[in-house]
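Engineer: Residues per chain, in single letters:
There are 4 protein chains.
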Amino acid sequence: MSTYGTLFRVTTFGESHCASVGAIIDGCPPGLQLSAADIQVQMDRRRPGQSDLTTPRNEKDAVLLQSGLEHGVTLGTPIALIVRNEDQRPHDYSETDLYPRPSHADYTYLEKYGVKASSGGGRSSARETVGRVAAGAIAERYLKIAYGVEIVAFVSSVGKVHLPVTVPAPSVDEDENDDAPDPMSEEFRALLASVSRAEVDKSATRCPHPETAERMKKRIIRAKDAADSIGGTVTCVIRNLPSGLGEPVFDKFEAKLAHAMLSIPATKGFEIGSGFRGAEVPGSKHNDAFVRRADGSLGTETNLEVSFKPPATISQAQATAQYDGTPGSLAARGRHDPCVVPRAVPIVEAMASIVVMDLLLIQKSREGAAALLPPITTLPATMVMPPKVKVNGL
Amino acid sequence: MSTYGTLFRVTTFGESHCASVGAIIDGCPPGLQLSAADIQVQMDRRRPGQSDLTTPRNEKDAVLLQSGLEHGVTLGTPIALIVRNEDQRPHDYSETDLYPRPSHADYTYLEKYGVKASSGGGRSSARETVGRVAAGAIAERYLKIAYGVEIVAFVSSVGKVHLPVTVPAPSVDEDENDDAPDPMSEEFRALLASVSRAEVDKSATRCPHPETAERMKKRIIRAKDAADSIGGTVTCVIRNLPSGLGEPVFDKFEAKLAHAMLSIPATKGFEIGSGFRGAEVPGSKHNDAFVRRADGSLGTETNLEVSFKPPATISQAQATAQYDGTPGSLAARGRHDPCVVPRAVPIVEAMASIVVMDLLLIQKSREGAAALLPPITTLPATMVMPPKVKVNGL
Amino acid sequence: MSTYGTLFRVTTFGESHCASVGAIIDGCPPGLQLSAADIQVQMDRRRPGQSDLTTPRNEKDAVLLQSGLEHGVTLGTPIALIVRNEDQRPHDYSETDLYPRPSHADYTYLEKYGVKASSGGGRSSARETVGRVAAGAIAERYLKIAYGVEIVAFVSSVGKVHLPVTVPAPSVDEDENDDAPDPMSEEFRALLASVSRAEVDKSATRCPHPETAERMKKRIIRAKDAADSIGGTVTCVIRNLPSGLGEPVFDKFEAKLAHAMLSIPATKGFEIGSGFRGAEVPGSKHNDAFVRRADGSLGTETNLEVSFKPPATISQAQATAQYDGTPGSLAARGRHDPCVVPRAVPIVEAMASIVVMDLLLIQKSREGAAALLPPITTLPATMVMPPKVKVNGL
Amino acid sequence: MSTYGTLFRVTTFGESHCASVGAIIDGCPPGLQLSAADIQVQMDRRRPGQSDLTTPRNEKDAVLLQSGLEHGVTLGTPIALIVRNEDQRPHDYSETDLYPRPSHADYTYLEKYGVKASSGGGRSSARETVGRVAAGAIAERYLKIAYGVEIVAFVSSVGKVHLPVTVPAPSVDEDENDDAPDPMSEEFRALLASVSRAEVDKSATRCPHPETAERMKKRIIRAKDAADSIGGTVTCVIRNLPSGLGEPVFDKFEAKLAHAMLSIPATKGFEIGSGFRGAEVPGSKHNDAFVRRADGSLGTETNLEVSFKPPATISQAQATAQYDGTPGSLAARGRHDPCVVPRAVPIVEAMASIVVMDLLLIQKSREGAAALLPPITTLPATMVMPPKVKVNGL
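Protein chains in written order, with full-length UniProt numbering: chain L, 1 to 394; chain F, 1 to 394; chain U, 1 to 394; chain S, 1 to 394.
Be a bit skeptical, because a hint or two may be false.
Identical copies carry no separate label here, and so any pair may be met within one copy or between two of them.
[As the list claims (entries may be wrong)] Below, simulated DMTMM-like cross-link-like pairs (lysine to aspartate or glutamate); rule was C-alpha separation at most 25 Å, straight line:
#, residue 1, residue 2
1, K285, D52
2, K285, E214
3, K144, E367
4, K224, D44
5, K224, E214
6, K285, D228
7, K144, D38
8, K218, D97
9, K144, E111
It is worth saying that the hints were derived from the structure and are not from the lab.
Given these sequences and hints, build the entire structure.
Structural biologist: Given below as structure tokens:
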């Protein structure tokens with residue numbers, strides 16, 4: 001439904017042409033310094049009209065905080081926020097409304113609900129992600145202050161243009177050759193370890209590798225000029241992650257991330273760590289690395305990749321049929337993004353933040369509750385965590 | 001945590017060396033004819049010792065139904081079932097217990113809980129999936145009887161050995177060439193449309209393509225002989241799926257599937273439909289197909305793919321360190337699978353069944369509730385679903 | 001937390017002095033005709049300033065619908081609504097802020113969250129119930145249209161002034177006498193069967209028995225004149241309830257109602273049916289009646305009673321202490337209700353509506369899913385529900 | 001459904017004549033010393049056959065732990081436990097099966113599910129509470145060790161025989177007299193402050209006041225001799241409760257308790273603190289007391305009361321009708337309790353323990369998360385909790 005999370009709970013609302021979109025964020029820790037500006041930064045990265053690569057609509061998307069704070073401090077009560085829709089008029093009907101748009105949710109929504117919004121996609125529209133981005137910004141602010149967590153996403157491919165460091169080895173079908181390159185190259189590890197949002201935002205494509213960014217830009221413009229669209233992938237790295245996140249067995253960290261990412265409109269795939277390429281590698285060469293944190297303790301760094309299909313709305317005429325079966329041809333009018341991945345970057349960051357926050361709150365509960373028990377003296381030492389344990393020589 | 005689902009709710013329990021493993025399945029529709037044998041079929045496909053490709057342990061894994069049925073009919077109350085562990089003795093300690101196994105959950109569990117099971121993995125062990133497979137068999141039985149749903153999974157790759165129909169186009173990094181092959185070939189579509197569990201089970205690899213199966217078998221044996229392990233992928237097709245499944249916006253069908261699949265031990269990636277390859281294709285060539293069902297209505301057929309890393313337990317000695325940091329070398333003793341994907345097939349089917357069942361029950365609620373309202377007369381016809389609508393000429 | 005319900009899910013937000021209060025209602029069936037006016041009716045019954053028995057604040061409390069509807073029809077997507085706070089200025093600090101108000105949540109909130117709203121009660125304020133009442137009005141509208149459900153609450157006691165029909169038998173402590181009057185009199189049953197909101201609203205006390213209403217009014221004015229407050233009870237009847245509501249074992253209908261009612265500010269007790277008086281009666285005299293519905297089928301009519309403590313805010317000076325322990329005396333300034341029960345009537349109705357709606361949606365799912373199974377032929381007839389069964393001669 | 005709780009999650013299963021009943025307890029803190037004997041104590045207090053006041057069935061009800069512990073220490077993984085049913089034969093059918101038992105769930109279950117267990121009540125049977133009591137014993141053990149929490153329930157009335165200290169003031173309907181006795185007498189407060197389970201168990205009635213216990217015993221025997229039954233109430237006190245429990249607004253402590261208590265079979269009412277009597281008292285005389293804890297900090301002591309109707313199964317012949325409407329007369333055969341409240345005592349304790357445990361875990365999360373934030377310096381002192389604050393001079 002429209003609520004996500006157990007202790008950090010995000011509920012979103014809103015369609016394209018209603019009064020507003022927004023969210024209620026319940027479970028934010030009390031005592032967090034937070035302003036609308038903290039949220040607006042990510043909202044501005046999400047909104048359309050930022051470059052010639054995205055739709056020219058220039059939505060202001062100003063966040064209006066409704067509750068949950070006083071004097072810039074969170075109270076621990078639900079934080080509600082709304083963002084007004086600029087165009088609140090009901091959609092003007094026209095000939096194109098007779099057609100469910102191919103590959104859109106129009107028909108699916110109509111079949112599911114028996115009624116649909118005039119704007120077509122309704123809740124499947126990218127406009128719905130406004131609430132997610134706002135919620136993610138709040139989670140992220142807490143995580144940054146409390147743990148120094150850094151969450152940075154970037155565009156790693158557009159069509160067939162890939163960040164060189166992530167170009168997968170040609171997966172030749174072969175029986176004997178084990179000499180797979182490391183599913184994650186050193187160069188890519190270095191990028192994951194250092195990339196910042198400032199670097200990501202240097203290009204309108206949100207690819208932090210300048211040459212590739214330039215090629216991606218051309219690829220997107222080529223799609224635009226052809227009245228077509230193109231897909232891509234977003235990679236996200238989470239640094240300084242506190243340990244112990246994820247609740248076995250159904251709510252493992254990777255399972256929650258997969259859920260969150262595949263709930264973003266237009267997503268089709270998710271991988272974590274070595275992902276699909278890791279399936280080609282023998283166990284002796286596959287390695288889940290531990291990372292030593294600044295304070296000497298062991299940490300893990302998580303990276304994930306999300307695949308986005310090309311936007312279904314294209315200006316080319318497509319052969320299709322009306323709702324009533326009458327064959328015809330449909331060309332989308334108006335504004336649309338030829339490629340969603342640059343704007344998807346803050347959405348991926350937001351969903352990652354929300355997942356980390358929710359799992360962190362659950363783990364804080366376990367730690368707090370277990371800390372009140374007397375030390376365990378009846379178990380062998382290898383079954384009990386001694387303080388400041390170091391592992392594998394790190 | 002250990003519960004999954006909203007209306008069809010599965011709660012599992014059990015570690016490797018405790019008295020039993022099992023599950024409580026709450027929310028199964030009343031009046032379903034069900035026997036232990038219906039469940040045992042999938043349990044037997046899951047258990048080790050089925051072939052020389054899997055660990056030689058021969059666990060009987062007999063399902064013992066505890067509640068929720070009378071005279072072979074479900075009562076609508078929770079169905080509890082247990083499967084006894086053959087070896088319930090606490091683990092014998094030895095030198096190897098001083099080492100957290102590399103890439104295992106040993107260290108993670110210990111850090112998270114402050115205490116861990118002697119058997120190491122505890123709930124991260126594959127043994128935990130017994131309860132999932134049993135729950136999935138119940139869901140599947142309902143779906144088959146009520147809707148004719150067919151869920152069939154199979155092994156689509158082992159290491160670099162791929163089912164030919166799914167070999168991805170070499171993803172050459174190129175800027176201009178759009179001539180991507182259809183991300184899903186006609187041959188592959190045909191396989192998805194027809195493949196049966198009987199065909200899948202003809203080979204111990206659970207690959208339904210005999211030549212590829214043979215090559216996969218060799219690849220697994222090569223890993224085994226090298227005291228190594230190898231990863232792979234499982235593809236799953238869901239046929240005759242009722243329409244309208246998935247709850248926008250956070251519980252979309254693909255999001256719930258991704259969550260469920262990434263909760264299976266050793267999984268690293270998930271894609272649905274065109275997946276990652278679809279990200280390389282322009283919108284004009286990307287197509288989410290509708291499928292006409294036997295009764296003339298429109299249906300969708302869903303296919304998904306799950307990536308499994310190579311098992312972390314290998315018999316080769318690996319350089320590592322003890323819990324206390326002392327460097328050393330660890331070689332796993334005893335029995336282990338060199339490749340998990342053949343046994344993962346029924347687990348993927350189970351998780352798919354559980355997701356479909358849960359979302360179906362939610363959609364049945366909506367349909368039932370909406371059906372009690374008078375017809376909508378105040379909206380334009382294209383906003384309301386007329387009965388027996390056909391779309392796009394199908 | 002601030003979300004209630006499984007399939008009909010209400011999430012509320014807002015404190016007394018923030019920008020707005022409101023709610024997101026997720027899971028409303030699509031295709032329901034609904035207007036802001038449908039909701040406003042109950043909002044107006046809830047708001048202060050309706051009579052000289054309530055606080056003279058005249059909040060407009062206009063409902064602003066944000067999403068989830070188009071052309072006056074629900075889309076099945078989340079319905080968000082906000083009600084602006086008239087006074088959004090941060091609270092002016094004064095000498096009284098040094099004192100946690102006795103019997104208020106001031107201190108509790110501060111201890112729980114480590115920070116509190118300037119307005120004191122924060123989310124414990126009656127202002128929070130705005131979102132509940134709006135959500136309840138939506139649920140109720142569906143239930144009325146789909147099932148003819150009628151939910152009517154009224155004030156049954158103020159202090160020691162009781163509706164005569166509900167005056168409990170003096171519970172003399174006695175060992176031998178079983179001659180308890182029926183815990184529910186015929187006269188009271190008749191009232192429950194017929195009482196309407198119009199009758200309830202004839203008196204500012206919301207007691208539908210004119211003589212008692214008059215006495216209650218005097219009792220409230222006496223409290224007001226004494227700068228004191230007084231408690232009371234609200235009784236609620238739910239008529240034409242569809243059968244089968246409630247999910248064993250933890251989510252029985254009465255358990256969900258109890259939860260919902262005790263979540264209303266200032267409540268201290270709940271009873272359903274014969275309640276506490278039923279505990280004094282032998283089994284041979286205790287009877288859960290079936291009621292025949294207009295269509296001949298069996299129905300149940302549910303009545304419940306909720307107890308409200310006297311408002312803690314009174315104008316009399318009370319000996320107390322400051323947050324820092326300094327003893328002193330505190331007299332509340334400003335406006336406050338001497339008795340909350342008249343305004344609690346629509347809140348009780350709202351929570352009852354929300355509970356019924358949520359449980360109904362779950363039961364619709366079960367019915368819809370079970371209806372797709374073939375008839376059960378292997379069980380004895382008394383274990384299977386034949387169609388149109390009549391029971392106990394009714 | 002059959003799962004209760006957010007972080008401490010209890011899922012129960014089992015009917016009267018199936019193989020076993022039991023529960024999975026998920027979310028127990030790791031590192032807790034726990035044995036089957038710790039649980040068995042409360043199981044033995046719950047089971048029938050303990051005295052001549054309860055049914056003579058002598059079920060052994062031995063708890064068999066299945067998972068979640070090793071060497072007597074909890075692992076933090078789900079704890080599963082089962083208790084075998086002594087009589088697992090399907091029910092023998094007889095003439096009485098033609099009748100739904102009056103005031104039982106027979107008809108309700110049949111209507112809800114379309115099929116019912118041969119044993120009639122199915123999950124509505126008291127046998128279902130086995131899993132609850134076991135789960136409660138685990139929660140209680142943690143709470144005792146970590147916080148010194150004490151939870152003691154006892155029988156406060158049987159029929160019209162009341163513990164003298166709780167006899168309510170005759171609620172004469174009067175307009176002017178405010179001289180209500182304190183809704184909770186000093187004598188009763190003293191009992192709540194000191195009563196122990198050992199004292200409670202001195203009498204088979206589980207009333208800790210010897211004279212009243214004797215009168216209750218006679219009252220129950222009188223019901224038994226008359227082939228009748230009798231209701232009663234259970235009072236429960238929770239001492240040394242950690243502060244801050246309960247999640248505004250829908251999951252307040254009292255709301256969760258009410259939910260939990262009304263989910264126990266045969267319950268009809270719940271009150272907390274002053275309850276219904278508090279509704280008769282003016283605000284100037286109503287007081288929610290703070291209690292100073294041993295360490296000097298402020299605590300609250302919670303008391304609640306639960307009302308149980310008389311058991312519906314009585315041996316007297318009752319005029320009723322068969323499922324098909326044929327009028328007739330039904331007298332229950334076999335064993336049944338004339339009064340459930342003595343055996344309900346450990347069930348009330350269990351549900352209280354489960355609620356406290358679950359809310360505690362949520363609050364531990366909040367505290368742990370908030371503690372990582374820097375001190376708030378921008379708010380007025382009365383909005384922020386200084387350390388070791390004392391309130392109201394205590």
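Engineer: Of the numbered hints stated earlier in the document, which are not met by this structure?
Structural biologist: Violated hint: only 8; rest satisfied.
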